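Spelled out, the chains give:
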Amino acid sequence: MEPFKKIKSIVTPLDKVNVDTDQIIPKQFLKLVQKTGFGQYLFYDWRFENGDKPREDFVLNNPKYCDSKILLTRDNFGCGSSREHAAWALLDYGFKVVIAPSFADIFYNNCFKNGILPIRLDSQSVEKLFNNSSEIEADLQNQTIAVGDIIIPFEIESHRKKTLLEGLDDIAVTLQYEDKITMYEKSKSKL
Amino acid sequence: MSRTLFEKIWDSHVVVQQDDGPSLLYVDRHLVHEVTSPQAFDGLRMNKRIVRRTDLTFATMDHNVPTTDRSLPIVDQISSRQIQVLEKNCKDFGIELFDIHSPNQGIVHVIGPELGITLPGTTIVCGDSHTSTHGAFGSLAFGIGTSDVEHVLATQCVWMEKPTTFEIKVEGKRKNPHAITAKDIILSIIRQIGTAGGTGTIIEYRGGTISDLTMEQRMTICNMSIEAGARAGLVAPDEKTFEFLRGKKYVPKNYDELVNYWRENLKSDAGAHFDKSFTLYADKISPQVSWGTNPAMTTDVTGTVPFPEEYSKGNVDEEKAALKALQYMGLKPGTQITDISLDRVFIGSCTNSRLEDLIEASKLIKGKKISSKVRAMVVPGSQLVKRQAEQLGLDKIFKDAGFEWRESGCSMCLGMNPDILASGERCASTSNRNFEGRQGAGGRTHLVSPIMAAAAALAGHFVDVRELDLN
Ligand code: SF4
Chain V
2 MEPFKKIKSI VTPLDKVNVD TDQIIPKQFL KLVQKTGFGQ YLFYDWRFEN GDKPREDFVL
62 NNPKYCDSKI LLTRDNFGCG SSREHAAWAL LDYGFKVVIA PSFADIFYNN CFKNGILPIR
122 LDSQSVEKLF NNSSEIEADL QNQTIAVGDI IIPFEIESHR KKTLLEGLDD IAVTLQYEDK
182 ITMYEKSKSK L
Chain Z
440 MSRTLFEKIW DSHVVVQQDD GPSLLYVDRH LVHEVTSPQA FDGLRMNKRI VRRTDLTFAT
500 MDHNVPTTDR SLPIVDQISS RQIQVLEKNC KDFGIELFDI HSPNQGIVHV IGPELGITLP
560 GTTIVCGDSH TSTHGAFGSL AFGIGTSDVE HVLATQCVWM EKPTTFEIKV EGKRKNPHAI
620 TAKDIILSII RQIGTAGGTG TIIEYRGGTI SDLTMEQRMT ICNMSIEAGA RAGLVAPDEK
680 TFEFLRGKKY VPKNYDELVN YWRENLKSDA GAHFDKSFTL YADKISPQVS WGTNPAMTTD
740 VTGTVPFPEE YSKGNVDEEK AALKALQYMG LKPGTQITDI SLDRVFIGSC TNSRLEDLIE
800 ASKLIKGKKI SSKVRAMVVP GSQLVKRQAE QLGLDKIFKD AGFEWRESGC SMCLGMNPDI
860 LASGERCAST SNRNFEGRQG AGGRTHLVSP IMAAAAALAG HFVDVRELDL N
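As they're listed, the protein sequences go chains V and Z. Heads up: the first sequence runs through residues 2 to 192, numbered per our numbering. Heads up: the second sequence runs through residues 440 to 910, numbered per our numbering.
For the record, the hints were derived by calculation from the structure and aren't laboratory data. As the structure is a computational prediction, the values presented were derived from the model and not from experiment. Check each hint, because a few of them may be wrong.
[What the hints assert, rightly or not] Residues from chain Z that face chain V, not an exhaustive set, calculated with beta carbons under 10 Å:
#: 1; residue: T570
#: 2; residue: I583
#: 3; residue: S586
#: 4; residue: E600
#: 5; residue: G639
#: 6; residue: N733
#: 7; residue: N754
The C-beta atom is built at its ideal place from N, Cα and C for all residues, glycine as well.
The following block holds chain Z by itself, in its conformation from the complex (with noise of 0.2 Å):
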């Protein structure tokens, strides 16, 4: 029977199935942080539990890692602390750490695929929601909640109710793909399929713009897949994943012999059957800006702020909804978008803080200077994104222009350092929420593609990329 690449992999990696109800999966790979562990060893330590294969789990310290300079000793005590703790639950359990003074720290889901820890066919586990991003590679990979951190640290499995499949297809040719990114393909995407949209199922995303896109491009299109809902998001392997990884770190040593089989097998059968389809045509979409408390709340940079019954199309509580997140963001129905004027630019998180997103804004950044009004700053995925980005002089583009360069981590994308925007402030930001306070209580988010948001660093408001030169 002709079955779907997620069929696949799930198939080879159940250990125990039940006639109802959930399977238990096993974990190849588990990646763990400090803000949803600390509870997990905890209860590791309590009932006598030890790790069953630390050789499968890496850990690593993102979330509230300050990025200012590193030799400093961290002023948040608590934030010190869980970081602390992370320190010894990984020396205690044997686990290897990513820790802050390491060339391999980063955001979990910049560094898994760079270390080479991210590969196909792999089911990979963190106690995070993006780890959908490590699906570009063509693994299930999925957040999980504390308690099933401590499922896996003790057992190396998971048990799962089986999702259902939803093929995304994306075809047509952008016209100017610098402009149009994979971060406005997502957009597109939720805004028209819905925060829920995904709900239970696993997206694999397919089509000829797809293969068209590199990986870090495929990784932020995987990586927003939970904003649209949905468990998990894929892309079947092909050769450029095998590129990307070849040589990496922590890739196994029959990397070749792995490389055929997986080109042999990870895709979905012609024919095989999806629960669901959509498809979006990259060449109509325009670049997007969010406009609202929620993802599925975006326009085109050409458009305006909509009004909620017509957002709403006669749905009483999404009508309900649009009005407190205009509210909230202090916009007027009718706004043009490019009217709309920015205190903050962020340029980070693991949607967009990889050396390609850097690389792309940098290039419209070089030798210009960011509006008066705006204070930006650009946060690199990892240590090693930042070395990369050094070495192309990047840094220097970004801080003639007036951004401030910092060291590796999440950052402002949920301002559990002390990167967070002021009440009342507005911030376009290359992450993946813009829920409210998520970037700092009363902050206002507006969700952008790295080069949309290094042209309204310089505008001070939004700007319609297409307009520029980018070549």
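Just chain V, with the same shape it has in the complex (with noise of 0.2 Å):
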């Protein structure tokens, strides 16, 4: 995974509560059987009428947004099926970065997995968002989201923040444990 470096953009505003990952993704498109190529059908049902046909009131298809790295949404975003395409496509389309008061559990933990940073900030600041137009940078090292020149602060687990800086492989890093791995599956008794 390549570690994370600031991010800025223009934001692109979903003003939704309770995004599930079946909007995200729908399933007609988790056949596949790589990572990749999962941004063409992001949030498809509601940016293609009839399958081809941009929408136009849908925000992602506004040109203002097309190359915006930030997504800025609602309450409990990534709710439902835990399948990881949804934070494969929104990496795919070339979103890094989502702003939201709060996350599903299991979307949060697949955004680590995959270099996109989730950042959860109160409701008034995500309002103060949604009423800004301009472009903004979201800081990892210092945990700051920056408007102009206002700076809104956020928090992040210490070792989620490591993992993306420096893009981790999870699986290396556990594999330095394998002797206490070894030594559990010895001395505890076999199911």
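Dock chain one against chain two, each of which comes alone in its own frame, and use the hints as you go.
Below, the structure is given as structure tokens:
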């Protein structure tokens, strides 16, 4: 995984609560057996009418946001299915940061495995960002979001921060504990 | 110090504990299916890694398999490819696979318990959010993403931050347990605590009503824990649990010894602290019907489709969501739930496709015909359920009434195979998610219990099953 750098971009506002992973990537696209190429199907049913005609009223189809790397949304983003395809689709489309007041657990975890930074911000700050149309900068190292001169700090678990900043491979990290895993297997009753 | 059941299971599975951050947990059972595993196996290949414990890993194909005649080739080429990829992966890595022709094939959360792969006190993971189902046996069972599937394949462990605990007590005697089912209990809970009510927590379902439930019913409840946002749901195992599993194919040889241990150890201590608590009185609830596009958008069968402002209780975002849901569902506020007519009925999914679910529905159906306006199907959760049901003659009852009787799989729960709703079609479904497009783009899903689905199939609209003779 590539180490996470500062991200500066205009923000795509998706003004919805409880966006579930079925909406982020509908089931008909889960049949692919690789991790790439999901971006074209991101929010498919919201983005396209009859499968090909872009819906003008959907925010991703607004040319203003076509280079956006930051998605702004509401509470409980990523709820429902555990499909990591949701994170792959966001990343493949170009989103590196998702900001919301809260995230569903599995989705939140999946983001970090793919180099996406999910930022939890209080509802008031999220509201402010919804009303802002200029570029913002997400700085993981300093745990801040900069909107012009305004700096909004955010919280993140320190180990998750480290994973992203260093682009760590989880499995390689775990395999350093090989002796502990083996010890556990020897000591516990066999099931 | 007194501990909850969850804390006991957690403590006994920690391999590495850090001062800060997640712990490394050992995984006792890893269930694999075709949709969320291909990229994980690819990752192993790329890094020249092997599966650490093939003996603790089991695979099946359920999400995109056709439910029609299995002697025929699979028409959908991309589905077919995904199935072949799983076959190859299991072969290459040495994992036991219940393939499409296996007598043990079925929805991963149905076959785990019926084969005795699911055991009390264990940790179980699967690349599927409804892994919470297995918690009905007092195991800590949760869904993981594909990266974690790869991680578990390679290390038999998973990193996890310790969730908090949430006690949900269900008390009170249901007047008619055939009419007020486990599905109505869990929908009532989600309706009250919300789709994010359980986020970050492990729910333990407790109380007299839960003890009274059969294992199948407990599975229905634990299954939908994820719909309340929880990582997992569990029920302390009891004699029913031990009897259910006894003699199953994959239970360990020292089963009785294990039971003795489980009986002593697998319960929350008196006075154990839960971070959160909620009580539902089951004697007060009615059959539930969802009207919107998430499982919390649910009401009583005797109720009406709510007005967005009334539903949202002042929350602007929720009000917008309700408005959008009503548009999507094609419903007007104030409509009686029993006036909603249906095009389709689906009895199936890991929530409600077990033998008991089918028996309950068949009792109502027997000797009757479904409404001419409705197309209805039954998709047994597994090949075993299907065989058992056929031995009881349930297939005949359903078919005589006009239902389609299918092979086992996820089917129209998520419509990855050809079983889907057409745009605008309205379906009474025993599954667990009524998200937009879940059962087919533009399809409209109403979540209900099997008995409610059966009654709706006969009438062509929702019916309060308490008014019917269910005995
Ligand atoms: S039946 Fe539905 S919810 Fe259950 S595992 Fe299959 S797709 Fe998921």
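So, going through the hints one by one against the coordinates:
no.	hint	result
1	T570	holds, 8 Å
2	I583	holds, 7 Å
3	S586	holds, 4 Å
4	E600	holds, 7 Å
5	G639	holds, 6 Å
6	N733	holds, 6 Å
7	N754	holds, 9 Å
In summary, this structure violates none of the numbered hints.
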